[in-house]
Amino acid sequence: MKMTDIMPPGLALKKVDERIMTLNVGPQHPGSGHMRIVVQIDGDYIVACDPDPGYVHRGEEKMAEYRNYITNVPHLERPVIHDSCNVLYPYVLGAEEILGIEVPERAKYVRVICSELNRCIYTMYWLAIYGIFLGHSTMFMWPAGDRELLIDLMEKVSGARVTHAHFIPGGVRNDLPANFEDVCLRQVNYFEKRIKEYAAVFYDNPILISRTQDTGVLSRENAIRYGTTGSVLRASGVDYDLRVKAPYDVYDELDVHTNVMKEGDSYARSKVPWLDMMESCNIIRQALQKMPKSGSVRTKLKPNPKTKGPATVYKRVESGRGSLGCYIVSDGKTEPYRVKMSVPSFRNLLAMPNLLIGEKLGNMPSVYWSLNYWPVEADR
Amino acid sequence: MSALAPKFKLSEFIKSILDNAFWILFIVSLIGLPLIQILLFYIEMPIIDGELLTPFLAMTWLADPTRSLPILKAFMATDMFRVMAFPGFGFAALIAAATIFVERKMLAKLQLRVGPFYCGKIEGILQLAGDGLKLISKEIIIPAKADKPIFWAAPVIFVATAAAFVALIPVAPGWVVADVDLGLLGVFAVIGFFPIITILSAWSANSKFPFIGGIRALFQMVSFEIPLILSLLGVVILTGTLNLSEIAASQSSFPWIVFLPVGAIVFFITMLAELERIPFDLPEAESEIVAGWLTEFSGMMYGLVQLGTYLKLYAFAGLFVVLFLGGWNGPMVVPPFPEELLTGVEMGPLTVGPFPGLPLFDQEMLNGTLWFVLKTVGVIFFILLPRGVFPRIRIDMLLSLGWTKLIGLAFVNIFIALGLLYAGVLGPGGLQ
Numbered sequence: 001m002k003m004t005d006i007m008p009p010g011l012a013l014k015k016v017d018e019r020i021m022t023l024n025v026g027p028q029h030p031g032s033g034h035m036r037i038v039v040q041i042d043g044d045y046i047v048a049c050d051p052d053p054g055y056v057h058r059g060e061e062k063m064a065e066y067r068n069y070i071t072n073v074p075h076l077e078r079p080v081i082h083d084s085c086n087v088l089y090p091y092v093l094g095a096e097e098i099l100g101i102e103v104p105e106r107a108k109y110v111r112v113i114c115s116e117l118n119r120c121i122y123t124m125y126w127l128a129i130y131g132i133f134l135g136h137s138t139m140f141m142w143p144a145g146d147r148e149l150l151i152d153l154m155e156k157v158s159g160a161r162v163t164h165a166h167f168i169p170g171g172v173r174n175d176l177p178a179n180f181e182d183v184c185l186r187q188v189n190y191f192e193k194r195i196k197e198y199a200a201v202f203y204d205n206p207i208l209i210s211r212t213q214d215t216g217v218l219s220r221e222n223a224i225r226y227g228t229t230g231s232v233l234r235a236s237g238v239d240y241d242l243r244v245k246a247p248y249d250v251y252d253e254l255d256v257h258t259n260v261m262k263e264g265d266s267y268a269r270s271k272v273p274w275l276d277m278m279e280s281c282n283i284i285r286q287a288l289q290k291m292p293k294s295g296s297v298r299t300k301l302k303p304n305p306k307t308k309g310p311a312t313v314y315k316r317v318e319s320g321r322g323s324l325g326c327y328i329v330s331d332g333k334t335e336p337y338r339v340k341m342s343v344p345s346f347r348n349l350l351a352m353p354n355l356l357i358g359e360k361l362g363n364m365p366s367v368y369w370s371l372n373y374w375p376v377e378a379d380r
Numbered sequence: 381m382s383a384l385a386p387k388f389k390l391s392e393f394i395k396s397i398l399d400n401a402f403w404i405l406f407i408v409s410l411i412g413l414p415l416i417q418i419l420l421f422y423i424e425m426p427i428i429d430g431e432l433l434t435p436f437l438a439m440t441w442l443a444d445p446t447r448s449l450p451i452l453k454a455f456m457a458t459d460m461f462r463v464m465a466f467p468g469f470g471f472a473a474l475i476a477a478a479t480i481f482v483e484r485k486m487l488a489k490l491q492l493r494v495g496p497f498y499c500g501k502i503e504g505i506l507q508l509a510g511d512g513l514k515l516i517s518k519e520i521i522i523p524a525k526a527d528k529p530i531f532w533a534a535p536v537i538f539v540a541t542a543a544a545f546v547a548l549i550p551v552a553p554g555w556v557v558a559d560v561d562l563g564l565l566g567v568f569a570v571i572g573f574f575p576i577i578t579i580l581s582a583w584s585a586n587s588k589f590p591f592i593g594g595i596r597a598l599f600q601m602v603s604f605e606i607p608l609i610l611s612l613l614g615v616v617i618l619t620g621t622l623n624l625s626e627i628a629a630s631q632s633s634f635p636w637i638v639f640l641p642v643g644a645i646v647f648f649i650t651m652l653a654e655l656e657r658i659p660f661d662l663p664e665a666e667s668e669i670v671a672g673w674l675t676e677f678s679g680m681m682y683g684l685v686q687l688g689t690y691l692k693l694y695a696f697a698g699l700f701v702v703l704f705l706g707g708w709n710g711p712m713v714v715p716p717f718p719e720e721l722l723t724g725v726e727m728g729p730l731t732v733g734p735f736p737g738l739p740l741f742d743q744e745m746l747n748g749t750l751w752f753v754l755k756t757v758g759v760i761f762f763i764l765l766p767r768g769v770f771p772r773i774r775i776d777m778l779l780s781l782g783w784t785k786l787i788g789l790a791f792v793n794i795f796i797a798l799g800l801l802y803a804g805v806l807g808p809g810g811l812q
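Residue numbers (the numbering used here), protein chains in the order written: chain A, 1 to 380; chain B, 381 to 812.
Rather than coming from a laboratory, the hints here were simulated on the basis of the structure. Treat the hints loosely; a few may be bogus.
Said to hold, decoys possible - Derived lysine to aspartate or glutamate pairs resembling EDC-like cross-links, with alpha carbons at most 16 Å apart:
1) Lys-262/A to Asp-239/A
2) Lys-290/A to Glu-253/A
3) Lys-360/A to Asp-44/A
4) Lys-156/A to Asp-175/A
5) Lys-588/B to Asp-42/A
6) Lys-306/A to Glu-65/A
7) Lys-360/A to Asp-776/B
8) Lys-588/B to Asp-44/A
9) Lys-315/A to Glu-96/A
As the list claims (entries may be wrong) - Ranges between beta-carbon positions, derived for each pair:
10) Gly-26/A to Ser-780/B: 30 to 40 Å
11) Gly-26/A to Ile-522/B: 19 to 29 Å
12) Asp-52/A to Ala-465/B: 53 to 63 Å
13) Gly-145/A to Ser-780/B: 27 to 37 Å
14) Asp-204/A to Ser-517/B: 39 to 49 Å
15) Cys-499/B to Asp-152/A: 23 to 33 Å
16) Arg-194/A to Met-464/B: 47 to 57 Å
17) Gly-145/A to Cys-499/B: 15 to 25 Å
18) Gly-145/A to Ser-633/B: 47 to 57 Å
What the hints assert, rightly or not - Cβ-to-Cβ under 7 Å is the rule here; a few derived chain B residues that face chain A:
19) Lys-588
20) Ile-658
21) Pro-659
22) Glu-666
23) Glu-668
24) Gly-768
25) Pro-771
26) Ile-773
27) Arg-774
28) Ile-775
Just so it is clear, the structure is predicted and the values come from calculations on it, not from any experiment. Note that the Cβ used here is the ideal one computed from N, Cα and C, for glycine as well.
Model the full assembly from the supplied sequences, consistent with the hints where possible.
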């Protein structure tokens, strides 16, 4: 098998002839995010597509090599600040294994709650942008407003509205505030009621359905072949969720239901995260019920903790975009030798050229953003 | 302080104003006044009522109501007043401005936010004035490779065409700028100009995204003009006239929407497409083609295009009211005027009145205007509403909607009209 067979055809730009117009859907385009998509169109049809990420590369992985295991926490969550707990989760799990720390039971439940809240916060932000990409301004404003409910909860927990830096090796930074269970339950119930209302204005909207159905179809085989993860994979009919398949922390004690859709089109990819949000509400309710009512949430560490010796560890979690892995190499010093993050955004991006070729230009925003892609995370 | 944000000093600001005033006075007194003095030798000064009309006398007359009111009254009877103020541009621009404000507030309420709030203390009522000031004060940037004459002219022509459309809409009996016998045909002719202006401005910008937007606008407008024209044929068949005033007058007992609901629906949908409103705002689809054919417009050029768009919106809503909702017809709610207002009130030695414009603005006209405005505002509300509910449609879906479904429905409407005509229910010999 040659390399060109595996490579999506959009990555190799063809020779431009007279009929074909090259569009830079570039970093300053309202429909691109922090990246550039070089699109070639023949009339209204896309004939070639070359996604060009890398505009917000910040060298997070290299920065991690100069800081010890604790001080790495605040900057490693920067790639996806809306999903900061989940983005930090695999690093924290790996660091705990390397440092050899046991995590208290209550901290594991707090982590699950924070992780699911963050998943909802991220997905609401994503959904808002999906709405405005389709020209639905109400769907931009509603999720952006309802997201505040959960942001307020996370503010109560961690003190910060967006960049929480709440998960640390050894547990979580602070215990939950007093009376948090009641407030959380109330807000999450109201949140679930609100997102169910989105069906009437968005997901059951006939224009939306006719516009996004059967566009950018990613078959089950291709979804696995391109290595997509998360909602994109589940929308193509693959029942794969790390919370079920490879449970971490206390997910094995909770009843997690995976939402799978078979269509693999843009509509299914936009609906699966919405269903996942309702599932997250269920998980939060379960975790609040099963959580130990008192106890420590943090194993005390020395200021500059030493590792036991050379070790490598790879941990994965299910983030808002899919399985997010973190590979940590330790050479026995106080700083990690190498931190490598395997991010779901970049995996999902690889499927984009294939989905866009042959589509109409009008489908570009809906297909692009349905891939659950966060440009900053892909660049790291 | 950087060069980008120079330090603002009140004293320097006042100094610059005084500088300007000094130079203006300097030039006026050294060049302007002598020039006027020289010219006055050769100009015959008007003599009115045996008095030489000096500027001082003219100012005195302006302050004297017995002199100024007849002038005002005479102006109200002219065509210029109709074009500039009441059924024409000024009235339409006022409604357009109100529409923009209502749209922003209404969308905000729909989306659980407040909308314009701070400018003008009361619910951000002056936000539009602020936006207008901002647009005027912004720099106009022309793309280097643009075809400059056409690019400059396009927004102006756009507003002018929209104003020409406004001129054809009758507001009250006899109150229309251009009362032509082929008014509806004139409407079709004016609508036919919009795609040309759009494609010219898009092409002259010499940029890719405006070009795609212009092509989309061309496709959309041309393909929706056919169902638009066909949907109005039913009304023409039943009334037997193309004069918009006569069409409005023919609905004194019932509006045509009662008998031709299919035509009204088709016309409403095509209207949304012609106005580039959501869900048909493809030519301005921001996530696909930045701002479509408006991408390269900046500053007041963009403001002019927006003004033209909202004038067009008012004109289309007015056309819908005239054709389907009975125009100015409605129950008489305006009370008759007291006799003194028409003849004049005697206050001691003075006789005040008649009130300027009163014989012109009679009871019937005020009532007609009231009903017309009420109906138009209702239609505008329904034009604005889909923006909060629907996402954007795709170009192929749009074209198939226009060419298959709407044209078919328009023909159904024509058959309904013909059936009503030949059954003798309506038309000559029927109810009318």
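(message) Hinted pair, alpha-carbon criterion (16 Å max): Lys-315/A, Glu-96/A. Please report holds or violated.
(response) holds (11 Å)
(message) Given the hinted pair Lys-588/B and Asp-44/A, is their Cα-Cα distance within 16 Å?
(response) holds (13 Å)
(request) With chain A as the partner, please determine if Arg-774/B meets the hint condition of a C-beta pair closer than 7 Å. (result) Holds, about 4 Å.
(message) Lys-290/A and Glu-253/A were given as a pair; does the straight-line alpha-carbon distance stay at or below 16 Å?
(response) holds (9 Å)
(request) Could you check if Lys-588/B really has its C-beta closer than 7 Å to a C-beta on chain A? (result) At 6 Å from the nearest chain A Cβ, Lys-588/B passes the 7 Å test, so the hint holds.
(request) Starting from Lys-588/B, check that the Cα of Asp-42/A is at most 16 Å away, please. (result) holds (13 Å)
(request) Have a go at the Glu-668/B hint: is there a Cβ in chain A nearer than 7 Å to its own Cβ? (result) holds (6 Å)
(request) Answer holds if the nearest beta-carbon of chain A is closer than 7 Å to that of Gly-768/B; otherwise answer violated. (result) Cβ of Gly-768/B sits 5 Å from chain A, so the hint holds.
(request) For Asp-52/A and Ala-465/B, compare the CB-CB distance with the range 53 to 63 Å and indicate the outcome. (result) Taking Cβ atoms as reference, Asp-52/A and Ala-465/B lie about 55 Å apart, which means the hint holds.
(request) Hint says 39 to 49 Å; check whether the CB-CB distance for Asp-204/A and Ser-517/B agrees. (result) Holds: the Cβ-Cβ distance is about 45 Å, inside 39 to 49 Å.
(request) Go through the hint on Glu-666/B and say holds or violated, using the shortest Cβ distance to chain A against 7 Å. (result) holds (5 Å)
(request) Return the status of the interface hint for Pro-659/B: holds when the least beta-carbon distance to chain A is below 7 Å, violated otherwise. (result) Holds, about 6 Å.
Checked against the numbered hints given earlier, the structure satisfies every one of them.
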